[in-house]
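Since chain A is already given, all that's left is putting chain B on it; use the hints.
Number of protein chains: 2
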Amino acid sequence: MKYSEKRFIVTGGAGFIGSHMVDALLVRGAKVTVVDDFSTGFREFLPKHPLLTLAEGTLLDTEFLDRTFAGHDFVFHFAANADVKDGLKHPRKDVEQNTIATHNVLEAMRKNGLREVAFSSTGSAYGEQTVIPTPEDAPFPIQTSLYGASKVACEGLLTAYAFGFGFRVFVYRFVSMLGPRYTHGHIIDFYRKLLADPTRLEVLGNGLQKKSYLHVSDCIRAMLTIVEKSAMPNDVHIYNIGHTDWLEVNRSIQIICREMKVSPKLEYTGGERGWVGDSPKILLATERLRGLGWKETFSVEDAVVDTLKFLTRNPFCLERG
Amino acid sequence: MKYSEKRFIVTGGAGFIGSHMVDALLVRGAKVTVVDDFSTGFREFLPKHPLLTLAEGTLLDTEFLDRTFAGHDFVFHFAANADVKDGLKHPRKDVEQNTIATHNVLEAMRKNGLREVAFSSTGSAYGEQTVIPTPEDAPFPIQTSLYGASKVACEGLLTAYAFGFGFRVFVYRFVSMLGPRYTHGHIIDFYRKLLADPTRLEVLGNGLQKKSYLHVSDCIRAMLTIVEKSAMPNDVHIYNIGHTDWLEVNRSIQIICREMKVSPKLEYTGGERGWVGDSPKILLATERLRGLGWKETFSVEDAVVDTLKFLTRNPFCLERG
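Residue numbers (our numbering), protein chains in the order written: chain A, 23 to 343; chain B, 23 to 343.
It cannot be assumed that every hint is accurate.
Any copy, or any two copies together, can satisfy a pair, since identical chains are not distinguished.
Said to hold, decoys possible - List of simulated lysine to aspartate or glutamate pairs, DMTMM-like, C-alpha gap at most 25 Å:
hint	residue 1	residue 2
1	Lys215	Glu294
2	Lys111	Glu129
3	Lys287	Glu224
4	Lys107	Glu129
Treat the hints as calculated values from the structure; they're not laboratory data.
Just chain A, with the same shape it has in the complex (with noise of 0.2 Å):
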């Protein structure tokens, strides 16, 4: 793919891992597009750039994004309600932020004449697997919360546009991925209660998930190593990313004391998951990936000390959720 002479949208590109891809396309020499509420992204995770525009608005305005759209060629959407554990507070937010939003985003695609887009969905959309690790075809799974079923639904659209509109679509699984600009997820959790009071701490469950994790850089180059070189039939490119090791609750728990120097007494709330909808076992499968040259860099352990490292020195980002 020549970078340089694609006009790219990235939705959500003030996020976690939209920022990072943003910063990987100008690298590139792209044209890059952002699109972004800051309902949860930052502004400083946006850096100063001439081939970088600003478009602030909401995946629910659709004409917002027929607007926004037009001139572009490749869309990266990554925006998103990613708040997968309190789903259930807020039944109408998933279905909305992601189903309906995906939905608008094709169709501002269409109508504008943009065929291609890569999509973050997640490990999450597997439900709880019994085939672990679990690979892109595994047996039809059962949606356990309403942040996989939305994926899923947004998966079910890219794809039937693939076929109905000849769209070339790439379907991206992740596992969590940590790293710089991590402010989302279990490690933040912690660190913020650790920081409040470090005598005690508050674990979900009973400490015995274990999920697999990757860091975001080694995240950017598997979306781009697929959108690159990935060759599935119909355009229709789905992958899991993320790594061959998976870390436990309790272990993740260890290295952040370590790192943080502090020994809570820790307080589980008991039962196999976190909470309701939970898959307690995430680990995926990713020959699919490492067939096209990929492999990680970081461990599980060195990616979880990079975010606390990002955490420490970037206060600002403890300051919302």
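Same frame as chain A, but now just chain B:
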């Protein structure tokens, strides 16, 4: 299940399958409220019955739903855009009338304390499968149509509500249904065309598409059998409903022409698929359902003949679509 002790909502209760369910529930002594906007349903399909109430309105009107659902126990949710073939002509229709409408149904249930819901999904949810007959735990499907994508989105919402809010959910993945009150699909299309011009018949695709069909009376028995007998983990009951047999389009045409006593020239549009996103082979594995003691009674051919008999006797059904 003691039907006479429950108050049922049947969305799409004036439609093909919905109206048969209404009849089946009334005959069992249940109180039934039909929710229908008559966009595709027929008033002629609803009986006058002291236990039947009609609530005319759309599933996109959340206030209407909240008001109507109060005081009920169990929802059979049939209302949907079932226009699979022309999904690409109106790309927002499936999202609105299937995904958003279903979410509105679930929210109206949650707000009113209803917790049991049965949903008409589809074999199209499997996309284009390599495993035929296709079981409920077939490989993670790639959606090829907006219709299939929207139904999978609905399934995900239902099961997420099961895990999140303790709902009891029944998901029926149907093959195409036939029989009295059938008003949509290839048989009525052929029938209508042959009435207009018995000398020729345009056939979408190459005529070799082969799909499974079931008589609606067998379908109703299957749905009730599942509600009465199914025991599945987490109260998530997912079942294929279909025949062991299937029918090639060309064979279907033979039956229709024989019954109508016509011999048209067949004009194939060509290609393996009738339309974009069409699955040329649909046959569902139904061991799970048969394990509950259910068995079909109509042969596929008899179901086609019974459908034609209905259409001949009820020409008002030809006036729409």
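Status of the hints after comparison with the structure:
When the C-alpha separation of Lys215 and Glu294 is checked against a cutoff of 25 Å, the pair qualifies only within one copy, where the shortest distance is 21 Å, while the shortest distance between copies is 59 Å. Taking the shortest Cα distances, Lys111 and Glu129 sit within 25 Å of each other only across copies (12 Å), while inside one copy they are farther apart (29 Å). Within a single copy, Lys287 and Glu224 get their C-alpha atoms as close as 9 Å, which meets the 25 Å cut-off; across copies the closest is 75 Å, which misses it. Taking the closest pair of Cα atoms, Lys107 and Glu129 come within 25 Å of each other only across two copies (19 Å); inside a single copy the shortest separation is 29 Å, beyond that limit.
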